[in-house]
Structure formats: structure tokens, C-alpha cells
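Q: The primary structure of each chain is shown beneath.
2 protein chains.
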Amino acid sequence: MTPLEQQGAAAKAASYVLASAGTERKNEALEAIAKVLTERKKEWLEANAQDLEAARTAGMRPAMLDRLTLTEGRIAGIVEGVRQVASLPDPIGRVDRMETRPNGLIIGRRRVPLGVIAIIYEARPNVTVDAAALCLKSGNTCILRGGKEAIRSNRKAAELMRAALAAAGLPGDCVSLVQDTSRETANELMHLDAYVDVLIPRGGAGLIRAVVKEAGVPVIRTGEGVCHVYIDDEADLDMGAQILFNAKCSRPSVCNAAECVLVHRDAAEGFFRKALPLLDRKGVELRADPAALEILGTRALPAQDSDWDAEYGDYILAVKLVDGLEEAVAFINRHGTGHSEAIITKNYFKAQRFLNEVDAAAVYVNASTRFTDGGEFGLGAEIGISTQKMHARGPMGLEELTSCKYVIYGEGQIR
Amino acid sequence: MTPLEQQGAAAKAASYVLASAGTERKNEALEAIAKVLTERKKEWLEANAQDLEAARTAGMRPAMLDRLTLTEGRIAGIVEGVRQVASLPDPIGRVDRMETRPNGLIIGRRRVPLGVIAIIYEARPNVTVDAAALCLKSGNTCILRGGKEAIRSNRKAAELMRAALAAAGLPGDCVSLVQDTSRETANELMHLDAYVDVLIPRGGAGLIRAVVKEAGVPVIRTGEGVCHVYIDDEADLDMGAQILFNAKCSRPSVCNAAECVLVHRDAAEGFFRKALPLLDRKGVELRADPAALEILGTRALPAQDSDWDAEYGDYILAVKLVDGLEEAVAFINRHGTGHSEAIITKNYFKAQRFLNEVDAAAVYVNASTRFTDGGEFGLGAEIGISTQKMHARGPMGLEELTSCKYVIYGEGQIR
Chain A
1 MTPLEQQGAA AKAASYVLAS AGTERKNEAL EAIAKVLTER KKEWLEANAQ DLEAARTAGM
61 RPAMLDRLTL TEGRIAGIVE GVRQVASLPD PIGRVDRMET RPNGLIIGRR RVPLGVIAII
121 YEARPNVTVD AAALCLKSGN TCILRGGKEA IRSNRKAAEL MRAALAAAGL PGDCVSLVQD
181 TSRETANELM HLDAYVDVLI PRGGAGLIRA VVKEAGVPVI RTGEGVCHVY IDDEADLDMG
241 AQILFNAKCS RPSVCNAAEC VLVHRDAAEG FFRKALPLLD RKGVELRADP AALEILGTRA
301 LPAQDSDWDA EYGDYILAVK LVDGLEEAVA FINRHGTGHS EAIITKNYFK AQRFLNEVDA
361 AAVYVNASTR FTDGGEFGLG AEIGISTQKM HARGPMGLEE LTSCKYVIYG EGQIR
Chain B
1 MTPLEQQGAA AKAASYVLAS AGTERKNEAL EAIAKVLTER KKEWLEANAQ DLEAARTAGM
61 RPAMLDRLTL TEGRIAGIVE GVRQVASLPD PIGRVDRMET RPNGLIIGRR RVPLGVIAII
121 YEARPNVTVD AAALCLKSGN TCILRGGKEA IRSNRKAAEL MRAALAAAGL PGDCVSLVQD
181 TSRETANELM HLDAYVDVLI PRGGAGLIRA VVKEAGVPVI RTGEGVCHVY IDDEADLDMG
241 AQILFNAKCS RPSVCNAAEC VLVHRDAAEG FFRKALPLLD RKGVELRADP AALEILGTRA
301 LPAQDSDWDA EYGDYILAVK LVDGLEEAVA FINRHGTGHS EAIITKNYFK AQRFLNEVDA
361 AAVYVNASTR FTDGGEFGLG AEIGISTQKM HARGPMGLEE LTSCKYVIYG EGQIR
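Chains A and B, in that order, give the protein sequences. Note that the numbering used here has the first sequence beginning at 1, numbered continuously upward. Note that the numbering used here has the second sequence beginning at 1, numbered continuously upward.
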């Protein structure tokens with residue numbers, strides 16, 4: 001057995017113990033994790049300081065350095081998140097369908113954990129704890145493979161969490177970190193079918209696509225967001241401008257940010273008059289199709305073909321004029337990633353058609369795409385936003401980390 | 001574009017039309033299919049006769065010839081199945097969760113089709129119609145790739161169904177058959193990510209494993225069944241013998257048939273006394289571990305290692321003695337395929353432990369594994385039995401062929 005296979009086997013064995021652990025035990029473990037991360041935060045900060053120093057030496061970009069950085073305040077936020085997960089209802093063990101069949105068999109469908117969840121993510125030490133907490137509460141053991149730049153921070157976090165698990169009477173192997181951050185080991189993890197039930201990549205589009213392409217174990221794609229706002233000719237243009245500004249600029253790096261605005265030809269001039277002063281505040285770069293360019297003039301650059309599929313994650317916005325709802329829907333279904341899409345309109349029938357015909361995880365009428373989020377949707381927390389249709393779609397909370405098992409009570413029935 | 005890509009694009013385009021079709025329209029199409037298959041059954045039987053002739057010439061085994069064969073009676077059964085699917089409730093469009101958030105956003109989770117479902121199956125012409133009917137009712141278009149031995153039967157069935165769809169006002173491309181039954185085209189279908197949302201292989205373990213290994217599109221594994229019956233020392237041995245006989249012999253070729261019996265050491269002699277006369281009726285071949293061999297003597301052959309993972313699909317049964325529940329559960333979790341597992345016991349606590357600790361789609365106390373079936377579970381019909389944990393587990397009915405979409409009604413909310 002390779003070291004990773006041993007780790008997989010240990011995670012699988014622990015998963016059978018964790019699957020039978022009650023809610024109280026799991027909540028005790030979460031509280032123990034919150035406590036140890038608070039009490040020993042100095043150790044975690046020291047490990048993080050070493051990561052940061054190495055990253056600076058290696059010339060890491062400021063935005064990435066920021067994501068790698070832990071502070072006392074950020075640790076407090078992470079700990080708060082762990083306690084919040086503890087406070088959420090436990091989905092495991094609920095029987096969501098039970099009936100007595102004509103032959104007397106009593107058949108129930110019970111929520112059970114998925115088993116072992118592998119998570120591949122980038123250099124964000126907060127994900128190490130967030131993901132472990134969600135997996136633990138939903139009865140799943142996890143194998144965490146974070147970015148190599150965060151390895152010292154992640155090792156310390158995993159060490160502290162494993163100690164807390166053991167103190168709470170659960171196997172430390174409920175949470176384990178892949179120690180070797182080489183690409184070969186990541187690839188091995190993607191093919192660890194014998195032990196890994198589901199693989200969830202968290203990170204940028206490049207990471208997600210690489211994992212989907214390579215993985216042999218079942219993957220849940222998350223967080224690819226090429227999101228559109230469609231401004232209809234019957235839109236409230238002030239509302240449209242505010243929503244577009246929010247969708248593009250409130251946090252451009254996240255997956256539910258808008259990347260492209262589609263504007264009805266007849267509304268374009270009036271809309272740009274309202275929207276440009278807002279977009280100017282953040283210096284948003286516009287990349288426009290020829291028709292939009294005629295109106296926007298030097299305020300915009302000509303869009304290239306690749307702009308219609310780009311997830312900028314930045315203050316850049318693709319702009320395209322369309323002839324109406326039908327063209328907008330077709331364009332979105334072709335170029336969107338099935339994440340979040342919005343129409344701005346006062347017209348009831350167009351709103352309904354957009355909701356029906358756009359093929360995405362979340363479809364909005366007169367609201368910002370930025371709301372696609374587990375917290376905003378009332379799920380309490382999320383491990384990611386699924387952009388696939390199988391298993392789960394949209395924000396994935398605890399419920400989405402479960403499977404089911406049919407339990408059947410008989411009295412000697414044969415068929 | 002290759003012919004298959006064109007077919008995929010057509011199926012995708014049709015899927016947007018079908019997703020918006022109401023229940024009445026879909027039921028009309030199903031009734032039109034039932035009608036045309038009845039009225040033009042002679043054509044279907046003729047095509048089937050050609051397939052059968054070619055198969056006989058090629059030396060096909062009798063069991064496979066039987067599965068390839070259509071008769072007037074079988075067609076009547078298939079047509080009956082189509083009408084039954086029409087009578088089932090439509091899962092599409094139901095909103096299974098809706099709430100108004102504190103900011104006034106109204107967020108609903110609506111059932112939507114998966115999109116385009118590809119189905120790869122063996123030389124069973126009935127699957128062509130069964131699968132198409134289930135996909136149609138659940139709003140999914142399907143691309144069917146049946147075994148090459150059934151190609152003439154399948155072509156005729158697809159032609160008739162497409163004519164019925166068009167007559168009912170739906171695109172014929174809601175149902176399409178892969179015309180070229182080469183292995184290369186099957187492989188191409190497994191990588192048609194741009195158009196296929198889900199791939200469901202239906203057939204023997206060899207087919208399933210090949211598809212899971214090769215496919216780039218998301219796969220739902222179905223129908224691998226290495227199922228066990230565990231006879232506890234506190235079992236009602238008469239009940240145990242009857243259940244084992246039923247689980248092994250009522251239809252050995254299906255995936256919910258038992259392949260292995262685990263017998264508590266202390267119950268073994270008494271149990272075999274009850275069970276052997278039943279198994280003898282069908283001449284069941286026993287392959288036993290050394291401990292069981294001591295009791296069974298020449299009635300059994302020595303089991304090889306490979307017997308513990310074998311899906312015989314035949315009148316063959318692996319037999320192993322165990323020291324108790326714990327060993328039985330560990331053995332099942334190691335060698336089972338996560339399909340259907342049964343314990344025979346009078347002991348309440350052991351029954352509960354078995355239900356909790358065995359990791360399978362369906363776990364039985366004192367009943368035959370043969371009940372794992374969409375009809376028996378009250379789902380009305382099934383497209384297969386999922387042995388994976390992602391998306392769906394156990395019998396997959398219409399509900400399991402859906403995904404969800406969040407629809408959000410706003411009034412200008414920004415975040």
C-alpha cells in the first residue's frame with residue numbers, strides 16, 4: 001500500500017465509526033475543535049507565518065498572499081463557523097419516506113453519510129477547517145489536499161483537529177491531510193476509488209476543470225461562475241443598474257459575480273446612462289460587442305470571442321446587445337456555466353419564461369446573482385456551489401453531503 | 001461535427017423543448033407510443049426476427065437469445081409498461097422547498113429534468129422502450145445505445161417512437177438511437193460531455209465496470225449485485241432457509257439475487273439441514289469455505305478467493321461460516337457491491353446493528369433481497385438500481401431522473 005492508500009483505508013475505516021456516531025458526539029467533537037483552535041491559535045499563526053514567509057520569498061501575488069494569511073480575527077471567524085455548523089440540524093438518520101407495502105414489508109429511506117469525501121483546494125487555510133467541520137457534522141470522514149503554499153498551516157490545523165477528535169472519543173482519522181503536496185499524489189487521490197466516495201474540488205476554474213478531466217472517483221463540480229445579467233427593454237433601468245453594479249462589483253473574485261451583461265437593444269442607451277457612472281466608480285473595464293461599442297465608444301474595448309466564456313474574477317465586464325428575451329436565453333444557455341443568471345424586467349411573462357428556460361442552478365428575477373450562497377439560501381453553511389445537475393445543484397449544505405439507504409423490516413417475506 | 005455530435009446537439013436542443021412541455025403533452029406522447037407499438041407491432045416483430053436469425057447464425061447462447069426475443073405477449077407487456085409510466089405522477093415542476101428570506105427574496109427549489117440521458121445497454125429490445133418512456137415522462141431526452149445484436153429491433157422501435165413523438169407535437173429527437181454500434185462510437189458517447197448530462201449503463205457487471213472506467217461524462221452505476229444473506233445463530237432457521245432459497249433461486253440472473261450465504265458457526269448444521277433440500281431442488285452448486293466444507297462434505301466444492309466477489313447470476317452459491325454479526329458485517333462491507341443485504345435473526349439488537357452498520361442501498365431484516373425493485377418499493381417503475389451513493393441510491397424511479405433549480409423572485413435586492 002502507498003502512504004495515500006493507507007490514509008484512504010484509515011479514512012474508510014473511520015467512516016464506519018463516524019456514520020454510527022450520534023449528533024451529540026459529533027457536536028462535542030466540533031466544540032472540541034473550536035476550543036483547541038482558540039486555545040492553541042498561536043501555534044497555528046506561527047505555522048502560517050512560515051507559510052507566508054516562504055510565499056513572499058517565492059514572489060506570491062498580494063491577492064493570493066491575502067487568502068493565505070491567518071490573523072487572530074480570521075481564526076475567530078473560522079472558530080465561529082465551526083460552532084455554527086455544530087448548531088445546525090443533523091441530517092443523518094432522518095427517515096424521509098417510510099411506508100408499509102401491501103406485503104407487509106416496512107420500507108424506510110434513511111439519510112446516511114456519503115462516506116469518505118476528498119477535497120482538493122488551493123492555498124486557503126480556512127477551507128481546511130470549514131470543510132472538515134461540514135464533513136464531520138454530516139457524518140463523513142474527509143481527506144484534505146490543500147495547496148502546497150499552505151502546507152504548514154494545514155498540517156497544524158489537521159494536527160489540532162485530530163487531537164480534538166480523539167479527545168471527543170472519535171477516530172482522529174475522521175479528518176486527515178494529504179502530507180505530500182506533489183501533483184502525483186493529487187492525481188493518485190483522484191483515482192482512489194477503493195476508498196474515496198466523492199471528490200469535491202474547491203477553487204478556480206482551472207483547478208475544477210483539471211480535476212473533472214483527471215478524476216476517476218465521482219466528482220462534484222463546484223464554483224465555475226460565468227454569470228449573466230439580462231436587462232430587458234421593459235426593465236426598471238435604475239434597478240437594473242444597481243443590480244448589475246452589485247453583481248459585478250461587490251466582490252468580483254467570487255463565483256456568483258456577474259461576468260457579462262446582456263442588454264436589450266432598445267434599452268441600451270438609457271441603461272448605459274444609468275450604469276456607467278456606477279461602473280466608473282470601480283473603473284470597470286468593459287469589453288463590448290460591435291453594437292454596444294457604437295454606444296459606448298471609447299469607454300469600452302472590443303470584445304474577443306473568448307470574452308463570452310471568460311470568468312474574469314476581476315473588475316472586467318463583457319457587454320452584448322441582444323434583440324430580446326429569446327436571444328438572451330439562448331446566449332446564456334450556450335455561454336453560461338449553469339451557475340446564476342438574472343433577468344431585470346417589469347414584464348411578468350418574460351420573468352416566467354426566463355425562470356423556466358434558463359438552465360442554471362439559480363435563476364433570478366430582479367435580484368443580484370450575488371445571493372447564490374448557502375447562508376443566503378438558508379442552508380446555514382455550504383461546502384461549495386454545485387454547477388452540475390447530478391446529486392446536488394446550487395449551494396451544497398449538510399443535506400447535500402448525504403446519501404440514502406433503504407432499511408426494510410420483514411417478517412419472512414419472499415418474492 | 002461527427003454524426004454522434006450532431007445527434008447529441010439535436011438531443012440537447014430537444015431537451016429544452018421537452019423540459020418546458022407540460023404533463024399532458026408528455027402523457028399524450030406516451031399514449032401515442034403505446035398506440036403505434038401496438039398497431040405496428042408486426043413491423044417490430046419482423047425486425048426482431050431478422051435480429052434473431054442473425055444471432056442464431058452467430059451462435060448466440062439460448063439465455064441471450066431469449067432476452068433478445070420479442071413476442072406479441074412481450075410487446076403487450078412493454079406497451080402496458082409505457083401506459084403505466086404515463087399514469088405515474090410527474091415529478092417535474094414541483095417546488096419542494098420555498099421560503100421568503102429576511103431580505104424579502106422568495107426562493108424556491110424546483111424539480112427540473114437532468115437534460116440529456118445516455119443509456120448504454122445490452123441486446124434487450126424492451127429496454128429501448130422502457131428507458132425512453134421513463135426519460136420522456138421525467139422530461140429528459142435520451143440517446144440510446146443498445147447491443148449490436150438488437151440493432152434492427154431497436155431501429156424499428158426508435159423509428160416508431162419518434163413518429164409518435166412528432167404526432168404528439170414533441171420533437172422526434174426526444175428519443176434517438178445510436179445507429180452505429182461500434183465500440184468506437186460507444187466510447188465517443190461516453191465522452192460527449194458537451195451534450196450528455198448523465199450516462200446510465202444497464203447490463204452485466206462487465207459492461208458497468210467498462211463504462212465507469214472509460215466514461216468522461218457523469219455515470220450512475222447500476223445493477224452490480226453481489227448480495228449476501230446472513231443467517232444468525234438466533235435466526236428462525238425455517239424462515240432463513242425459505243428466504244435464502246428465494247433470494248438465490250427465484251431468478252438467479254438478476255442483480256438482487258443472493259450470491260453468498262454467511263452462516264453463524266453455531267447455526268450451521270441445523271441451517272444446512274433445512275436449506276439443502278430446497279437448494280437441491282434447483283441443483284444449486286455450493287462453493288464453501290473450509291469450515292462449511294466440513295459440514296457440507298461432498299455436497300460442496302471448495303471456494304476460491306474469487307468466489308467471494310463473484311456475481312454468478314446462476315444457480316451457484318458461495319457459503320461461508322462466521323463467528324457472529326461483527327464478522328458478517330465486515331465481510332459484507334468488504335465484498336458486497338452495496339446493493340442488497342439481509343440478516344435473518346430473532347434478536348432485535350442484532351437486527352438494528354445490521355441495518356445501521358451494513359453499507360448498502362437496501363438492508364433487510366428477515367426478508368429476501370429480491371424485493372429491491374422500483375415496483376416493490378412503490379416507485380412505480382425504475383430505470384435501474386443505483387449502487388453508488390451520489391445522486392441516487394437503490395431503485396431509480398422518475399424522481400431520481402431529476403435535478404433541481406433554484407428560482408428566485410426579487411424586487412431589486414442587492415447584497
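Simulated from the structure, these hints should not be mistaken for lab results. Do not take every clue at face value.
Just so you know, same-sequence chains aren't split out, so a pair can sit in one copy or run between any two.
[To be verified] Straight-line C-alpha distance at most 20 Å; calculated DMTMM-like pairs for lysine to aspartate or glutamate:
no.: 1; residue 1: 213; residue 2: 323
no.: 2; residue 1: 213; residue 2: 193
no.: 3; residue 1: 42; residue 2: 96
no.: 4; residue 1: 35; residue 2: 46
no.: 5; residue 1: 282; residue 2: 39
Q: Which of the listed hints are not met by the structure?
A: Numbers 1, 3 and 5, in rising order.
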